[in-house]
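Undergrad: Residues per chain are reported as follows:
Number of protein chains: 2
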Amino acid sequence: MKPAKTIGILGGGQLAQLITLAAKPLGLKVIVIDTSPDCPAAQVGAEEIIAKSGNDQSALNELAKRSDVITVEFEELFDVSMLKSIVATGKPVYPLPATIELIKDKLTQKEFLRKNNIAVGPFAEITSQDQAEELLAKYSGKMVIKTRLGGYDGNGNAVVQNVQDIAAAFQKFLGRPLYAEAFVPFTKELAVMIACGLNGEPAVYPIVETRQERNICTEVLAPAQISGEESKKAESLALQVAEHLGSAGVYGIEMFLTEDGEVLLNEIAPRVHNSGHYTIEACVTSQFEQHIRAITGMPLGKTDMKVPAAVMINILGERNGRVELKGTDDVAIIPDTHLHIYGKSPTKIDRKMGHITVTGKDVQTALERARKARKLLSV
Amino acid sequence: MKPAKTIGILGGGQLAQLITLAAKPLGLKVIVIDTSPDCPAAQVGAEEIIAKSGNDQSALNELAKRSDVITVEFEELFDVSMLKSIVATGKPVYPLPATIELIKDKLTQKEFLRKNNIAVGPFAEITSQDQAEELLAKYSGKMVIKTRLGGYDGNGNAVVQNVQDIAAAFQKFLGRPLYAEAFVPFTKELAVMIACGLNGEPAVYPIVETRQERNICTEVLAPAQISGEESKKAESLALQVAEHLGSAGVYGIEMFLTEDGEVLLNEIAPRVHNSGHYTIEACVTSQFEQHIRAITGMPLGKTDMKVPAAVMINILGERNGRVELKGTDDVAIIPDTHLHIYGKSPTKIDRKMGHITVTGKDVQTALERARKARKLLSV
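Line by line, the protein sequences are chains C and Y. Going by the working numbering, the first residue of the first sequence is number 1039, and it counts up by one from there. Going by the working numbering, the first residue of the second sequence is number 1039, and it counts up by one from there.
Simulated from the structure, these hints should not be mistaken for lab results. Quick caveat: nothing in here was measured; it's all calculated off a predicted structure. Check the hints yourself; a few may be wrong.
Identical copies carry no separate label here, and so any pair may be met within one copy or between two of them.
What the hints assert, rightly or not - Keeping only pairs whose Cα atoms sit at most 30 Å apart, straight-line, the calculated BS3-like set for lysine-lysine is: (1) Lys1344 - Lys1270; (2) Lys1180 - Lys1103; (3) Lys1122 - Lys1090; (4) Lys1129 - Lys1043; (5) Lys1364 - Lys1413; (6) Lys1340 - Lys1399; (7) Lys1043 - Lys1386; (8) Lys1043 - Lys1067; (9) Lys1067 - Lys1210.
Construct all of the structure, not just a fragment, from the sequences and the given hints.
TA: Laid out in structure tokens, this is it:
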């Protein structure tokens, strides 16, 4: 692979913005492809190719022509077959389209994990409503019906506990391929970022705890407040995943910590991830720089935390309308608080408009400060 | 002052680039004025107004119209009278033009310092070659002749030790107003960044040691390896300066540590400064975010280091020609090493093309790693 000078990114949202901010100081150029002009990445100096819609072949061709390596911020923007056709022309795409394909379909992802002896909860394909009812009985009366494709921020998930719930889920996901997971009674949700270099070398970030509301990540606590043994289990699970993914890139790994102290793998994201935003201030190498290192063949950087603790809170939109950022002065008073506004417009309910990271001596203090900061801010 | 949404910067070089990178996550927009298209700040998403030359009144008017507050990266780009005329229209400029004026003329700067009982070495205006010779005798046979205006990276300085040196300096600086400073036999050069909030509240960063070659800063060691007493003297000097500057902004203060352990003030820069680049990775609040906080009326952030030590090395151009960045992969292997390439083109001998910051447990390790990294890189 010749030295990369230009990174092409599919998607120009906040993840691409944060990759762009990390790429520039390394002497690299970024071009993104997005459907909206003035996307967050373009606002920090990425060139933007505007796609007419997803799967815009001519826009993708232009990106491929102008980039030395291509990566993915939003894996739904293009069909995997289109990414494969780019690789066929000799232009590298990382993660490999085959790896993205494997992860994108949550059922094949789960099958891949099970096949490689990575601990996951019970799951099965759903082929009919009747069969879903049988599964519900088998799964002790509580399970999650998920769409195999296109799920994002929980919008492809439905928790079901009876026949009516199943019927409603079938209605909601009409015509989409589905599968079910037994409901895992977890005590905490954990996550970890892993990086795989072009030479296969893995790097694991600290295990963090994630908290969700309405299926959207709201808080990330780093490091997770769990026992050393639990932490080791989670890390070893992540390393097992890294070993089998077979493709360069940074991945977000979501896990459940069960009531009996076991760690089960929940989901993999084939890209930088919301649960790794804290790494910008808290780790030696941010997940964004790490991803660039991974896909351009640079050696991976250290993943250690350089502060004892950090908490990240998402700034989700609370109304629909024009952005009116207020409260930044009040937030600035809170010590060790770092604001990240993405420049998205307009604001929408639950849209990820930014995040706040607070570093500190311990997770509890950082959490209190981060929550206080979030309350003072409106966007 | 109404909440600032857009910051206008006079100059679009690396300092403006690093301010822009800090402004964006705070939800602020940046517009810069520069004479070269595609300046470093524009490359990271600042809008750019291209000035035909320095003192381009219509470009300045446009910047003023579109900005909520104006600040300065390169204080030579516009005459202070032009900045004053902007303030007269009601648009805030920080630092205040009067403060910039005071600092820009190194002789009035020195007089200001002496008047306020801030320790400086002996100095005097030079009015003729004869009088310069008298001064040289008074200053024990070694002094520095400096241009009052326009000195930058040592290009307005000449060390003189005899009549021939004086004649050469007069030739070199023909027609420019001059002054002389007694040569201070220092053991170390120190520097410190100070910030003054709109309400006058000061914040002092750690004292660092700076090393120069050919009058250009090459290395910065943070914190300076000096005694606690010396450090306190330097900090108290910086606070004295902050008290008298009377204007919001971040300032770089350069000092001498003399052989007998005294600290003398050398020069003030009315802006973010090369000796403060280490703050990006090493301090809770970078000098760039701090400057934005200061000039927009936000509360100042914490200046503490979050790592025990950091060393910054400048990447100076070593030839004239097209940029060919090489060695970034080798640099990436060195632990705790952070690369900052500014995107300037072409490369020129001694042009500041980027910098490297290495964080670490101690200054010595960080220094060794930073020097190794610098050697591996060519630009």
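Undergrad: Decide, hint by hint, whether the structure agrees.
TA: Verification of the hints:
1. Taking CA atoms no more than 30 Å apart as the test, Lys1344 paired with Lys1270 passes in both settings, with 20 Å inside one copy and 27 Å between copies.
2. For the identical chains of this complex, Lys1180 and Lys1103 are neighbours neither inside a copy (49 Å) nor across copies (61 Å), given an alpha-carbon limit of 30 Å.
3. For the homomeric pair Lys1122 and Lys1090, the shortest alpha-carbon distance inside one copy (20 Å) is at most 30 Å, but the shortest distance between copies (48 Å) is not.
4. In this assembly of identical chains, the alpha carbons of Lys1129 and Lys1043 lie at most 30 Å apart only when taken from the same copy (13 Å versus 41 Å across copies).
5. For a Cα distance limit of 30 Å, the shortest separation of Lys1364 from Lys1413 inside one copy, 11 Å, qualifies, whereas the shortest one across copies, 46 Å, does not.
6. Taking the closest pair of Cα atoms, Lys1340 and Lys1399 come within 30 Å of each other both inside a single copy (21 Å) and across two copies (14 Å).
7. In the homo-oligomer, the alpha carbons of Lys1043 and Lys1386 lie at most 30 Å apart only across protomers (21 Å), although the nearest pairing inside one protomer, at 36 Å, exceeds that limit.
8. In this assembly of identical chains, Lys1043 and Lys1067 lie within 30 Å of each other by CA distance both inside one copy and across copies; the values are 6 Å within and 27 Å between.
9. In the homo-oligomer, the alpha carbons of Lys1067 and Lys1210 never lie at most 30 Å apart, since the shortest distance is 42 Å inside one protomer and 42 Å across protomers.
In terms of the numbered hints stated before, the structure departs from hints 2 and 9, listed from lowest to highest.
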